[in-house]
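Q: Chain by chain, the residues run as shown.
Number of protein chains: 2
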Amino acid sequence: MIKHFNQADIQQLERIYRANLINSVSGYKSANLIGTISDNGVTNVAIFSSVVHLGADPALLAFVQRPVGEQGHTYKNILQNGCYTINHVHRHFAIQAHYTSAKFDQATSEFDACYLTPEWLEGFPAPFVRESQVKIGMRLVQEIPIALNNTILMIGQVEHLFVAEHALQPDGRIALDLVDDVCISGLEAYHDVVPFAVLPYAKTTQLPDFKQ
Amino acid sequence: MIKHFNQADIQQLERIYRANLINSVSGYKSANLIGTISDNGVTNVAIFSSVVHLGADPALLAFVQRPVGEQGHTYKNILQNGCYTINHVHRHFAIQAHYTSAKFDQATSEFDACYLTPEWLEGFPAPFVRESQVKIGMRLVQEIPIALNNTILMIGQVEHLFVAEHALQPDGRIALDLVDDVCISGLEAYHDVVPFAVLPYAKTTQLPDFKQ
Chain E
8 MIKHFNQADI
18 QQLERIYRAN
28 LINSVSGYKS
38 ANLIGTISDN
48 GVTNVAIFSS
58 VVHLGADPAL
68 LAFVQRPVGE
78 QGHTYKNILQ
88 NGCYTINHVH
98 RHFAIQAHYT
108 SAKFDQATSE
118 FDACYLTPEW
128 LEGFPAPFVR
138 ESQVKIGMRL
148 VQEIPIALNN
158 TILMIGQVEH
168 LFVAEHALQP
178 DGRIALDLVD
188 DVCISGLEAY
198 HDVVPFAVLP
208 YAKTTQLPDF
218 KQ
Chain X
8 MIKHFNQADI
18 QQLERIYRAN
28 LINSVSGYKS
38 ANLIGTISDN
48 GVTNVAIFSS
58 VVHLGADPAL
68 LAFVQRPVGE
78 QGHTYKNILQ
88 NGCYTINHVH
98 RHFAIQAHYT
108 SAKFDQATSE
118 FDACYLTPEW
128 LEGFPAPFVR
138 ESQVKIGMRL
148 VQEIPIALNN
158 TILMIGQVEH
168 LFVAEHALQP
178 DGRIALDLVD
188 DVCISGLEAY
198 HDVVPFAVLP
208 YAKTTQLPDF
218 KQ
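Protein chains in written order, with the working numbering: chain E, 8 to 219; chain X, 8 to 219.
It is possible that some hints are incorrect.
Stated by the list, open to error - Derived Cβ-Cβ restraints for the label pairs, each shown as a range: (1) Gly89(E) - Asp64(X): 30 to 38 Å; (2) Thr115(X) - Trp127(E): 25 to 33 Å; (3) Trp127(E) - Leu147(X): 40 to 48 Å; (4) Leu155(E) - Gly76(X): 24 to 32 Å; (5) His11(X) - Asp16(E): 49 to 57 Å; (6) Gln78(X) - Pro177(E): 23 to 31 Å; (7) Gln176(X) - Trp127(E): 38 to 46 Å; (8) Phe217(E) - Glu172(X): 26 to 34 Å; (9) Pro177(X) - Lys83(E): 34 to 42 Å; (10) Gly89(E) - Pro202(X): 16 to 24 Å.
No wet-lab data here; the hints were simulated from the structure. For every residue, glycine included, the Cβ atom is placed at its ideal position computed from N, Cα and C.
Using the sequences and the hints, build the whole thing.
A: What follows is the structure, given as structure tokens:
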């Protein structure tokens, strides 16, 4: 059986139910820790499930910043510093990564509170996460405010990329299963991922026989 | 061992290697089929790995439209029609879904070419994918051109949502594993997903004992 919700049904849902439902409908999401530091030297690390590929040349990634209130340390630090890091979340520290989303006060570093380790590499002015085997040094290049719901699309350029060599394939792909990357659905469901196919670039002249 | 690429290294990579690498660095991506129809009645369905949650109230999803050239049927149809559908990709038709990315001519429907079934529901003016158990009727509400690389952030509002009841949880979450959703990494690697934890909303007063 299929359940149908129209627009009015969705608007009338209880708030938490609606948040759980609508956060699920985009499908699986990436799990990344964004690392920053404030002007007064407090490091911050926070989990984001909205990091998305924007383009390879130039190498651009984006993420969605929720409306910024009293908290929003990640956003404020990025505006101060211009730089931030994106670090993949692996299975062995996924629960620590999740708890970075708790509302710690501004003087507390989530690195300390969640037993993660800040790492300084290549003179880059924002902290990486030592536990992560795929980590990216980013420079903010554009903020796009989205008036529809007061979110902000934060676009950054890749300045440094660190990848565990055993996961780097000869064609440039990173085998994310070899570093035990997790993915997220909804607000707080975490998953292991198992590859089943690397398909060729699709050409109309080389279609499989789907009728088999 | 960790491999380091700086910005100059990335710019100098061979084009396909760079595309594979940078498409991998955001982490796992959702797998969705976007269904549309042109003014002259040709249906189109195309796989996208960039659908992202933007907000729950109002219910908004976004996707990244690559620079539009001769092809770009999805984009052109959405501008003509105003509406489109987003349909989750499940394991049993993932390979068919992948091949919708081949460059079929404008008169060919990928539904026919890839043995997928258009479905018309609730009078909505764009075709859903019958094989999918999570399908969303979307209305375009904003196009945001991204000048940095000529992509476009396409923002739509959820007008209809259809979900297989057996996957819908009492709290509103959709258990994506119960409909065999797949996820993507890079350009063409497909994965099964296995849940390992649904964690509570994180509070600073209820942290686990990470030292154990």
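Q: Next step is simple, just say for each hint if it's right about the structure.
A: Going through the hints against the structure:
Look at Gly89(E) against Asp64(X): about 32 Å separates their beta carbons, and that is inside 30 to 38 Å. Judged by the Cβ atoms, the range 25 to 33 Å given for Thr115(X) and Trp127(E) is violated: they are separated by roughly 54 Å. Remark: the range hint 40 to 48 Å for Trp127(E) to Leu147(X) is upheld by a beta-carbon distance near 44 Å. Roughly 28 Å separates the CB atoms of Leu155(E) and Gly76(X), a value that falls within the hinted 24 to 32 Å.
At about 51 Å, the beta-carbon gap between His11(X) and Asp16(E) stays in the expected band of 49 to 57 Å. One distance hint, 23 to 31 Å for the beta-carbon pair Gln78(X) and Pro177(E), holds here, with the actual separation near 29 Å. Hint check: Gln176(X) to Trp127(E), Cβ distance near 42 Å, so the stated range 38 to 46 Å holds. Between Phe217(E) and Glu172(X), the C-beta spacing of about 29 Å keeps the proposed range 26 to 34 Å intact.
Between Pro177(X) and Lys83(E) the C-beta distance comes to about 37 Å, which sits within the given range of 34 to 42 Å. Take Gly89(E) and Pro202(X): their Cβ atoms lie about 37 Å apart, and the range 16 to 24 Å is violated.
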